[in-house]
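Asks: Please build the complete structure, drawing on both the sequences and the hints.
So the sequence lines, in the order shown, correspond to chains W and A.
For the record, in the first sequence the residue sitting at position 162 is 233 according to the numbering used here, with numbers rising by one throughout.
For the record, in the second sequence the residue sitting at position 143 is 1335 according to the numbering used here, with numbers rising by one throughout.
Treat the hints as calculated values from the structure; they're not laboratory data.
Warning: the hint list may mix true and false statements.
Quick partial rundown of chain W residues pointing at chain A, CB under 7 Å, derived from the structure [as the list claims (entries may be wrong)]:
hint : residue
1    : Asp107
2    : Asp174
3    : His358
When the alpha-carbon atoms are kept at most 30 Å apart in a straight line, the in silico DSS-like pairs for lysine-lysine are as follows [unchecked claim]:
hint : chain 1 : residue 1 : chain 2 : residue 2
4    : A       : Lys1446   : A       : Lys1412
5    : A       : Lys1218   : W       : Lys182
6    : A       : Lys1451   : W       : Lys355
7    : W       : Lys134    : W       : Lys156
8    : W       : Lys173    : A       : Lys1490
9    : W       : Lys182    : A       : Lys1474
10   : A       : Lys1218   : W       : Lys310
11   : W       : Lys182    : A       : Lys1213
12   : W       : Lys354    : A       : Lys1469
13   : A       : Lys1476   : W       : Lys298
14   : A       : Lys1412   : A       : Lys1317
15   : A       : Lys1434   : W       : Lys291
16   : W       : Lys84     : W       : Lys257
17   : A       : Lys1451   : A       : Lys1434
18   : A       : Lys1476   : W       : Lys134
19   : A       : Lys1490   : W       : Lys347
20   : A       : Lys1434   : W       : Lys355
21   : W       : Lys355    : A       : Lys1488
22   : W       : Lys298    : A       : Lys1474
23   : W       : Lys291    : A       : Lys1469
24   : A       : Lys1346   : W       : Lys301
25   : W       : Lys354    : A       : Lys1255
26   : W       : Lys182    : A       : Lys1231
27   : A       : Lys1213   : W       : Lys173
28   : A       : Lys1490   : W       : Lys310
29   : W       : Lys347    : A       : Lys1469
30   : W       : Lys310    : A       : Lys1255
31   : W       : Lys291    : W       : Lys354
32   : W       : Lys354    : A       : Lys1213
33   : A       : Lys1255   : A       : Lys1273
All values derive from a computational prediction rather than experimental measurement.
Note that beta-carbon positions come from the ideal geometry of N, C-alpha and C, so glycine has one too.
Here are the chains, one letter per residue:
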Amino acid sequence: MPSLFFAVLSEAKPWIQKTNAKPVHHSGKFRIYKNDSIYIIISGIGKMAMALAVSEFAHLLPKEERDKMKVWNLGIAGSNQPNWKVGEFFWIHKITDFATGKDFYPERMTKSVFPMETNLTTFDRPIAKTTTENQFQVFSETDLQSVSLVDMEGSGFFEAASLYFPLENISIGKVISDHLEGNFCKPETVESIVTNVMEPLFFEWTHPLPWVMEDPFETKIWPDIWKEVKELRLTETMKHDLKKSLRYYFLRYPNTNIPMPNLEIVPKIKSKSEVKTFVEEWKKQLHV
Amino acid sequence: MFKSFSHIYIEETVADHFRTKEILSKFPNAIQIPIRHYKDSFNRNSQNFRIQKQSPKLVLAEKKEHFLYPGSDFSPNFSHKHFYYNTLALNCIYDCEYCYLQGMFPSANLVLFVNWEDFFTETKKFLDVNGSLYLALSYDTDLLALESFFPATKSWIQFASTEPNLTLEIRTKSTNFQSIAHLTPNPNIILAWTISPQIVIDTIEHGTPSLQARIKTMQKTIEAGWKVRVCIDPVLRIPDWKFHYQSLAETLGKELNPKGITELSVGGFRMNLDFLKQITDKRKDSSILFHPFEKKDKIVSYSKEETEEIINVVVPSLEKHFDPSQINLSYP
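Replies: Structure representation (C-alpha cells):
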C-alpha cells in the first residue's frame, strides 16, 4: 500500500476525493485517511510537524509492511527560478535544510512522466524576495543563488522517513505555486494546482514498487515446513541454520521437491540431543 | 558495454576538475547533482544494494587520504614484500553474485576518484621509502571495464613506465583491451583476467563478457607482449562443477598459448563473514551464497574437504595443458 504525506488539507483534498479515503480513527495527533489500498496523511505546516507525522504513521505499521510501502511527500513549493511556471512539477533529488545546513539525497530509482528534477531548500519560516505585509523572512537574490525550490516540510519528511522506510521507497515531488512574492496561496489555488498534476502522479504512486517481489520460499515454503516442525522447539540458531539449508536446496534444485524427514517421529522427539540429531540428519540431505 | 547513468553526483571540490568535465561530457543526458562529500550520499543508512544495482548512479569525488591500503588476506600477494592496493573507484559495473563489494559497501553506486595525480604522488613517495611496491589497481572495482569514460588503466600503465620498481596487477573481466592496446607492454604490469565456465558467466556473473570473448582478449594481450595472469577464482561448487571446470581447463589449454601465460591462479569461494551476512540479507536468490560454508576466524569458505576436492579437480586439469610451475593457489 502506498502512503502520501501532505502539509495542508488543500494539497491533500483532491487526492482524498479521488481515492475516496476516509479518516482513520486512532489515538494520534495527525490526520490519516485510508481506503483499502492507500494512506494519505496530513501533517500541518513545518518540518517538525511533518517529521512527527511520519514517525506517528510509521509506528502504526509493522516493519514488513513499511519495507514494501511507497512513501511520498507531495506539495506546493515556491520557486526561485523566474523561468519556471506556476503549476510545473519537479521531482526532488537534493534537499537542504536551511537552518541546519544538512543535505539529503532522495535517489530517483524509477522513471516518471514528469522528467524535471531539481533541489529543494526547506526553511523554518515562509520566505520572500521582497518585503510585504505578510512579514515573510526576506532573502536577497544573492542569498538565494543556489536555491531552486523552497518549502517548509521537505527536510523533515525525508529525515524522518529515512529512519523508518527503505531509502529507495521514498520520493518527494513539488509543484510550483509562486515565485517568492511574499503572498500566501489561497486554498482553492492550491487545490487547483495540485489537481492539474494529480492524474499521472496517481498512476505512478499506485503502481507497485518494481523491486518488491514475492519470495516463494519466505511466503509459502518455509511457513509450510515450519508448521510441521514447530513443536521441535528449535533454538533460534538451529531454526536459522535449518532455514538457510532449506533455502540452499530450494535454490540449487528448483525443480526438485525439498527432501523431508519422517515427520511422524516429530511428536516423539523430546530431548535436546534427539532434536539436534534430527536436524543434522535432515541438513545432510539438503547439503548434497 | 555499460548502462548510461541517469544521475551523476559531483563533489563541489572537483566540480571544475578537468577530469570531471571529461567524464561529464560522456554523459550529456545525466542529471548533475552537487554534493559536499561523496560519503553524504554513498554512506547513507538504509540503502539497498540490490535495488540500486538496477539503476546505479555515478559519483565523482576527490580521494583525500588512504591512497594505499595493505593487501587483503583474501587476495594472493604473489610473494611480494610490499603488497598493497588502491581504490581509484568504488564498485563495479558488473553484477557477480559472489562479489564481496555487495557486502562491503552500503551503496551500489559507482564512485570515481578523479584526482589521480595525488595517487601517483603518494605511490612515488612509498616507492622512495620502501624501494618496491606490488600494487593491485583494480581491487574494489573493474577499472578496465570503465576505461571508455574513466581511462585510469592507461594513465597507470604510463605512470608505471616511469617507475621500474612498481609492479601493477590490473584484474578484470572486461574485453576492453583495445583501449590500452596502443601502449608499450611493460614487464612490470600483469593484466589478470578472472575466468569462469560459461554457465557461471550466464547465471552468476551478470553483465560480464562471455568466456570466448575473454579468452580472445587474453590471447590478443599475450600476442601483444603483455604478461597475462589467468584467475580461476573463485571456483564455485555449482551443480556438475567438476565437469564445467574441467571443460574450462580444456578450453584454456586449447585456445591460449600456454607459454604466454605468466600464471594461473586458482581459489575457492571465500568471504568475510559479515559481508556474507549483509549480502544474504538482500540477495536471497543465489544458491552459491547459501552453501553450508565453514566458518573460521570470521571467514567463510568451502570446507577443508571441499577445498581439497576443488584443488584435486582443477589443478590436474590445468596441468594437462600448462606447466605445474605456472599454477598457484590463491587461497589454499
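Asks: Next, verify each hint and record whether it holds.
Replies: Hints, one by one, checked against the model:
1. Asp107: Violated. Min distance 27 Å.
2. Asp174: 6 Å, holds
3. His358: OK, holds: histidine 358 of chain W within 7 Å of chain A, min 5 Å.
4. A:Lys1446 / A:Lys1412: Roughly 15 Å separates the two Cα atoms, so the pair holds.
5. A:Lys1218 / W:Lys182: 21 Å, holds
6. A:Lys1451 / W:Lys355: The given pair, whose Cα atoms are some 44 Å apart, is violated under the 30 Å limit.
7. W:Lys134 / W:Lys156: 40 Å, violated
8. W:Lys173 / A:Lys1490: 37 Å, violated
9. W:Lys182 / A:Lys1474: 23 Å, holds
10. A:Lys1218 / W:Lys310: 51 Å, violated
11. W:Lys182 / A:Lys1213: 26 Å, holds
12. W:Lys354 / A:Lys1469: 20 Å, holds
13. A:Lys1476 / W:Lys298: 22 Å, holds
14. A:Lys1412 / A:Lys1317: Given pair lysine 1412 of chain A, lysine 1317 of chain A is violated - Cα atoms ~34 Å apart, limit 30 Å.
15. A:Lys1434 / W:Lys291: Roughly 33 Å separates the two Cα atoms, so the pair is violated.
16. W:Lys84 / W:Lys257: This hinted pair holds, its Cα atoms lying about 14 Å apart.
17. A:Lys1451 / A:Lys1434: 25 Å, holds
18. A:Lys1476 / W:Lys134: 18 Å, holds
19. A:Lys1490 / W:Lys347: Answer holds: lysine 1490 of chain A to lysine 347 of chain W is near 24 Å, not above 30 Å.
20. A:Lys1434 / W:Lys355: 21 Å, holds
21. W:Lys355 / A:Lys1488: 20 Å, holds
22. W:Lys298 / A:Lys1474: 25 Å, holds
23. W:Lys291 / A:Lys1469: 23 Å, holds
24. A:Lys1346 / W:Lys301: 60 Å, violated
25. W:Lys354 / A:Lys1255: With Cα atoms ~47 Å apart, lysine 354 of chain W and lysine 1255 of chain A exceed 30 Å; violated.
26. W:Lys182 / A:Lys1231: The hint holds at about 25 Å.
27. A:Lys1213 / W:Lys173: Roughly 26 Å between the alpha carbons, so the hint for lysine 1213 of chain A and lysine 173 of chain W holds.
28. A:Lys1490 / W:Lys310: 21 Å, holds
29. W:Lys347 / A:Lys1469: With a Cα-Cα distance of about 24 Å, the restraint between lysine 347 of chain W and lysine 1469 of chain A holds, given a limit of 30 Å.
30. W:Lys310 / A:Lys1255: Not OK: lysine 310 of chain W and lysine 1255 of chain A at ~44 Å, beyond 30 Å, violated.
31. W:Lys291 / W:Lys354: 20 Å, holds
32. W:Lys354 / A:Lys1213: With Cα atoms ~56 Å apart, lysine 354 of chain W and lysine 1213 of chain A exceed 30 Å; violated.
33. A:Lys1255 / A:Lys1273: 25 Å, holds
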